[in-house]
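Visitor: In order, the protein sequence lines correspond to chains A and B.
Counting along the first sequence from 1, when you hit position 30 you're at 30 in my numbering, and nothing is skipped either side.
Counting along the second sequence from 1, when you hit position 79 you're at 79 in my numbering, and nothing is skipped either side.
Please keep in mind that the hints were generated in silico from the structure rather than gathered at the bench.
One thing to keep in mind: the hints can contain errors.
Pairs of lysine to any residue residues, derived as SDA-like cross-links and limited to a Cα-Cα distance of at most 25 angstroms, are as follows [claimed, not checked]: (1) A:Lys142 <-> B:Cys113; (2) A:Lys114 <-> B:Ser13; (3) A:Lys242 <-> B:Gly100; (4) A:Lys274 <-> A:Thr257; (5) B:Lys62 <-> A:Glu219; (6) A:Lys114 <-> A:Arg174; (7) A:Lys128 <-> B:Ala138; (8) A:Lys114 <-> B:Leu114; (9) A:Lys114 <-> A:Trp211; (10) A:Lys142 <-> B:Cys130; (11) B:Lys62 <-> A:Arg223; (12) A:Lys114 <-> A:Ala97; (13) B:Lys62 <-> A:Lys274; (14) A:Lys142 <-> B:Ser46; (15) A:Lys128 <-> B:Cys113; (16) B:Lys62 <-> A:Gly165; (17) A:Lys242 <-> B:Leu114; (18) B:Lys62 <-> A:Trp266; (19) A:Lys242 <-> B:Lys62; (20) A:Lys242 <-> A:Asp209; (21) A:Lys128 <-> B:Tyr12; (22) A:Lys242 <-> B:Glu110; (23) A:Lys274 <-> A:Pro231; (24) A:Lys128 <-> B:Leu107; (25) A:Lys114 <-> B:Ala22; (26) A:Lys142 <-> B:Arg170; (27) A:Lys114 <-> A:Lys31; (28) A:Lys128 <-> A:Arg174; (29) B:Lys62 <-> B:Ser85.
So the chains spell out like this:
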Amino acid sequence: MTTIINLPPSIDERTFETVLEHLAPIPLDEKVLLDGRHTRWASPYGLTALLTVAQTRAEKPALVSPESEETGSYWARTGFFKHAEELFEMHGSTHRARASGESDVLLEITPVAKSEDVHEVVGRIQQKSSSILVKELNIDAKATMGFAMTLSEACQNIVEHAGRGGWVAVQTYRWQKRLGRRVVVIAVCDAGVGFRQSLESAQGRRMSDRWDDGMALEETVMRGVSRFRDPGRGQGLAGVRKFVQSWDGKFSVRSGTARIAIVPEWDSDNFPLKENLPFFPGAQVQMTIPESVFHD
Amino acid sequence: MINRIDVTCDLYSNLVTRPTGAAVRIVIEHQLDEIGDHALAVLDFSHVRILDFSCADEIVAKLLQQYVSQDFPKREVYFVFYGMSESHIYAIEAVLERHGLALVTQLADENPCLMGTVDGEERQIWETMCELGTGGAAEIATASGLDMDRVEHGLDHLWRRRLVIRQDDRYMSLRGVQPAFPNHSISSTETRPRTPT
């Protein structure tokens with residue numbers, strides 16, 4: 001039996017929860033078909049999370065690509081189809097990348113599994129950031145260094161803790177309705193062990209009665225706790241959080257059944273910690289930095 | 001006599017990830033192993049574009065922990081971190097704070113700077129040392145206007161943290177230390193005897 005799940009018209013961090021709600025009760029060895037025919041837009045989070053879904057399924061899932069030429073072209077430009085073809089049984093139109101002035105792929109979807117991949121990501125973002133971040137968004141060079149550092153730490157989280165490979169993507173685009181200006185969005189998603197299980201693997205660690213995914217996220221993201229005993233560990237995500245905050249950005253991490261977020265004033269997300277979400281393995285990180293912060 | 005090594009950290013242009021940091025630190029440790037019990041190590045970061053938290057922790061914090069923060073460190077090694085940019089400092093400040101460490105950094109054409117966890121009085125003593133260059137506790141007490149006992153205690157603590165050099169009963173600042181061989185990479189470090197000031 002194949003279960004069909006319709007992908008939302010716009011796939012982002014928020015709407016992807018509806019996909020996970022539909023997916024959660026379906027046994028892993030049961031076939032699913034993700035129908036993206038009517039999808040018109042997807043954020044880096046949406047695209048990397050789609051790939052992550054495929055990694056979690058025992059039975060290779062099917063994916064119907066968007067009917068819209070413009071959407072398909074953008075997905076192609078992000079490198080999505082290149083990876084999706086290996087993970088999904090693909091159906092629908094074949095799309096090719098076309099140039100577009102409205103959205104800029106700063107880093108196309110890139111697999112992250114080992115330390116060398118992090119070097120590759122950092123090297124590539126530096127090349128692109130000088131041409132896009134600096135010239136088009138007036139971001140000064142100092143900020144781009146911090147941006148690359150943030151990206152490095154977020155990717156290392158996969159290498160150090162996930163136990164399986166994940167994905168990273170970076171894009172700039174204009175949030176006309178929400179902000180009326182451009183933003184840079186980083187998404188780093190994996191289908192690994194997740195924060196809770198990672199912390200549970202720490203030798204001699206005592207869990208409180210309230211121990212759950214939400215608490216694991218609070219420990220790691222807010223307090224810099226790590227499964228390693230080395231006191232130098234756990235600085236990465238804490239550093240990422242500080243960097244994003246310092247630029248008035250938004251930082252959110254979803255793992256298991258919970259999601260924690262550092263929410264700036266410009267965002268309408270009123271729930272820094274969301275719990276009892278549909279279970280999804282691994283960790284999904286999103287960082288959003290608005291254009292204006294780079295203009296000081 | 002203090003042996004001096006100059007290490008240009010350009011094994012990688014981007015110092016990111018823990019394995020990279022560990023690799024760089026191991027090379028530095030091997031070089032320190034070869035130069036005797038008293039050494040001044042000038043680590044040049046001017047060619048490093050990005051330094052992330054993990055790499056800063058592996059290189060900077062773990063080096064300092066081995067050589068300056070133990071009761072009986074391996075040997076007497078003083079470090080000067082040269083050519084750090086604002087983005088390097090951002091990562092290094094975070095790891096120093098995390099471990100309660102401190103270091104001396106020398107920015108090009110600028111005075112040396114103390115980074116990390118140092119209390120106000122010790123910082124004042126250290127800054128006085130920088131102005132004097134060299135001196136005994138009495139001279140530093142006079143110049144700083146601080147009580148002699150506190151200066152002696154502060155100097156001893158700064159020396160144990162290898163933030164000032166001690167030779168007999170005199171102290172020397174790490175002011176003015178710059179890389180001797182700016183183009184030499186970490187794999188071809190020069191090692192030679194030299195006094196630091």
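Visitor: Are the hints correct? Go through all of them and say.
Guide: Evaluated hints:
no.: 1; hint: A:Lys142 <-> B:Cys113; in the structure: 20 angstroms, holds
no.: 2; hint: A:Lys114 <-> B:Ser13; in the structure: 18 angstroms, holds
no.: 3; hint: A:Lys242 <-> B:Gly100; in the structure: 19 angstroms, holds
no.: 4; hint: A:Lys274 <-> A:Thr257; in the structure: 8 angstroms, holds
no.: 5; hint: B:Lys62 <-> A:Glu219; in the structure: 24 angstroms, holds
no.: 6; hint: A:Lys114 <-> A:Arg174; in the structure: 32 angstroms, violated
no.: 7; hint: A:Lys128 <-> B:Ala138; in the structure: 57 angstroms, violated
no.: 8; hint: A:Lys114 <-> B:Leu114; in the structure: 35 angstroms, violated
no.: 9; hint: A:Lys114 <-> A:Trp211; in the structure: 30 angstroms, violated
no.: 10; hint: A:Lys142 <-> B:Cys130; in the structure: 29 angstroms, violated
no.: 11; hint: B:Lys62 <-> A:Arg223; in the structure: 21 angstroms, holds
no.: 12; hint: A:Lys114 <-> A:Ala97; in the structure: 28 angstroms, violated
no.: 13; hint: B:Lys62 <-> A:Lys274; in the structure: 37 angstroms, violated
no.: 14; hint: A:Lys142 <-> B:Ser46; in the structure: 15 angstroms, holds
no.: 15; hint: A:Lys128 <-> B:Cys113; in the structure: 34 angstroms, violated
no.: 16; hint: B:Lys62 <-> A:Gly165; in the structure: 28 angstroms, violated
no.: 17; hint: A:Lys242 <-> B:Leu114; in the structure: 23 angstroms, holds
no.: 18; hint: B:Lys62 <-> A:Trp266; in the structure: 40 angstroms, violated
no.: 19; hint: A:Lys242 <-> B:Lys62; in the structure: 23 angstroms, holds
no.: 20; hint: A:Lys242 <-> A:Asp209; in the structure: 29 angstroms, violated
no.: 21; hint: A:Lys128 <-> B:Tyr12; in the structure: 19 angstroms, holds
no.: 22; hint: A:Lys242 <-> B:Glu110; in the structure: 28 angstroms, violated
no.: 23; hint: A:Lys274 <-> A:Pro231; in the structure: 28 angstroms, violated
no.: 24; hint: A:Lys128 <-> B:Leu107; in the structure: 28 angstroms, violated
no.: 25; hint: A:Lys114 <-> B:Ala22; in the structure: 15 angstroms, holds
no.: 26; hint: A:Lys142 <-> B:Arg170; in the structure: 41 angstroms, violated
no.: 27; hint: A:Lys114 <-> A:Lys31; in the structure: 30 angstroms, violated
no.: 28; hint: A:Lys128 <-> A:Arg174; in the structure: 18 angstroms, holds
no.: 29; hint: B:Lys62 <-> B:Ser85; in the structure: 20 angstroms, holds
Going through the hint list in order, the structure does not satisfy hints 6, 7, 8, 9, 10, 12, 13, 15, 16, 18, 20, 22, 23, 24, 26 and 27.
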